[in-house]
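Asker: With the hints as your guide, set chain B with the ligands onto chain A.
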Amino acid sequence: MVEQVNSFAIKTKNVSVHYGNKMAIDDVTINFTKNDVTSLIGPSGCGKSTFLRCLNRMNDVIDSCKVQGEFLLNGVTDIYGDSIQVETLREKIGMVFQKPNPFPKSIFENVAYGPKIHGLASTQSELNDIVMDSLNRAGLYEEVKDRMDDIATGLSGGQQQRLCIARAIAIRPEIILMDEPCSALDPIATARIEELINELKENYTIIIVTHSMSQASRISQRTAFFHLGKLIEHGDTSKIFTKPDKEQTNDYITGRFG
Amino acid sequence: MENTHTDKNFEQKLKQLQDDLIKMSEIVEKQIEIAVNVIKTKDSQDAQLTQNLDEQVDVAERDVRDLSFEIMTLHRPVASDLRLVFTALKVSKELERMGDHSRNLAKRAISISSSFDDELIEQMYSLGRNVQSMVNQVLDSFFKKDELKAKTSWNQDAEIDKEYKSLLKNLIERMHNKETSVVDEGTKPILIAKSLERIGDHATNIAEEVIFNITGHYIDLKKSDFE
Ligand SMILES: Nc1ncnc2c1ncn2[C@@H]1O[C@H](COP(=O)(O)OP(=O)(O)O)[C@@H](O)[C@H]1O
Ligand SMILES: [Mg+2]
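Sequence order for the protein chains is A and B. Here my numbering is used: the first residue of the first sequence is 1, the next is one more, and so on. Here my numbering is used: the first residue of the second sequence is 1, the next is one more, and so on.
Excised from the complex, chain A in its bound form (with noise of 0.2 angstroms):
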């Protein structure tokens, strides 16, 4: 069988990430299959966001880091390569973070950074209707509809997370990386972004790291299990948490001592 290039929206291969002489992931290599969302787990301090950062290049901004190893987008483009700008592979792969993060804007503006900066819209009805389509998509739209021009961070936490997906979908990503988007949420914002991720999939790839693991079974079709910098086990989310094949991968679903 001829290998699907474009089946997997991200490949990674032989990754190892240090800080200074501390290696904090240790030759990764994991592919990211489109259109399912992927749950990062394991202990903190595993790796979970090191190697997610990796994947939109957030960790260049820090001097200590060093990443090495194979990234590919779509099969094809080298995430770290030279032909595809940082800007233009940051538009291509979103990103959405453990702390809401909206600007002390309004919530238009919040919305429209991204489109606006990024050339995506050449009218200002063009950009209306990114705004009001990206609030739509990540459920937004109606809560804020009649207060636009309220400044983002008067909204309640699970609205600016909710807000921060718009900001993230604005630019038209494939990827959304998200690291523990939930962890600063009550049970019903949670609820509600989980719901979110299910309806985006249909569109986007989803990368996620989280501390739940009620969370990740509840939404990720693939789960990666990681320890000490090492990916112990990646598949499919039913078989990890039913049968997973290492013993350690058991030991931490079931909440044993490792």
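Source of the hints: derived by calculation from the structure; they are not laboratory data. Cβ coordinates follow ideal geometry from the N, Cα and C atoms, glycine included. There could be a bad hint or two in this list.
[As the list claims (entries may be wrong)] Each pair of labels, with its calculated beta carbon distance range:
{"no.": "1", "chain 1": "B", "residue 1": "Asn9", "chain 2": "A", "residue 2": "Ala191", "range": "24 to 30 angstroms"}
{"no.": "2", "chain 1": "B", "residue 1": "Asn9", "chain 2": "A", "residue 2": "Lys13", "range": "40 to 46 angstroms"}
{"no.": "3", "chain 1": "B", "residue 1": "Lys8", "chain 2": "A", "residue 2": "Leu228", "range": "24 to 30 angstroms"}
{"no.": "4", "chain 1": "B", "residue 1": "Asp66", "chain 2": "A", "residue 2": "Glu199", "range": "36 to 42 angstroms"}
Answerer: This is chain B with the ligands only, laid out in the frame that chain A set:
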């Protein structure tokens, strides 16, 4: 030994669940042993004992079921823990059915007259002993998480089926020949043999659950693969 849970309460309940199952299996094993003996001894007190033990088995099954629900609701088990709870529920159901069959067969065995054909009694008794040994083996495989042993006992069922069929054939032939001692007992010996054969089937089901508990997969149901 497996690593222990960070959550001691959860750890404790899983341990309790296994202990409940061990207790339940011990009762059922005893019940089967007594019932098989009754085929020969026709001791009515022993037959009554299988009835009393059956009540304990029913209580034990309820305990396993309630604890399983509690664990699922409060602790949301996954992976090996989830498989254990799942297996416990199914195994306890099989054990409960085995208990019913032993009680029924003991009740029928005491009502068979002492003039009944010795050879047939011997044949039923031997079938009973083999079923009993299969049950002991499969339960042992469960508690020791011994996949090979589970598969071996799973294969034993084919032997038991053969023995059962030959016993039936023998019974029917003798009925055809109008052997009075056989005809007078009507369907009783057939039902006793059937109960024993059914216990073997339940043991086979347990073997399948044990293999699932260990491997996460159900055994391929084509027996020929193992013969
Ligand atoms: N900016 C940094 N400088 C130095 N060490 C870091 C930095 N960020 C993370 N680390 C170290 O790298 C390892 C992995 O961290 P991280 O990727 O944040 O783990 P996780 O997200 O799984 O909790 C940890 O030992 C952490 O201390
Ligand atoms: Mg992290």
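Asker: Does each hint hold? Answer for all of them.
Answerer: Hint check results:
1. Asn9/B / Ala191/A: 24 to 30 angstroms: Check passed, 26 angstroms falls within 24 to 30 angstroms.
2. Asn9/B / Lys13/A: 40 to 46 angstroms: holds, 43 angstroms
3. Lys8/B / Leu228/A: 24 to 30 angstroms: This hint holds: roughly 25 angstroms between Cβ atoms.
4. Asp66/B / Glu199/A: 36 to 42 angstroms: holds, 39 angstroms
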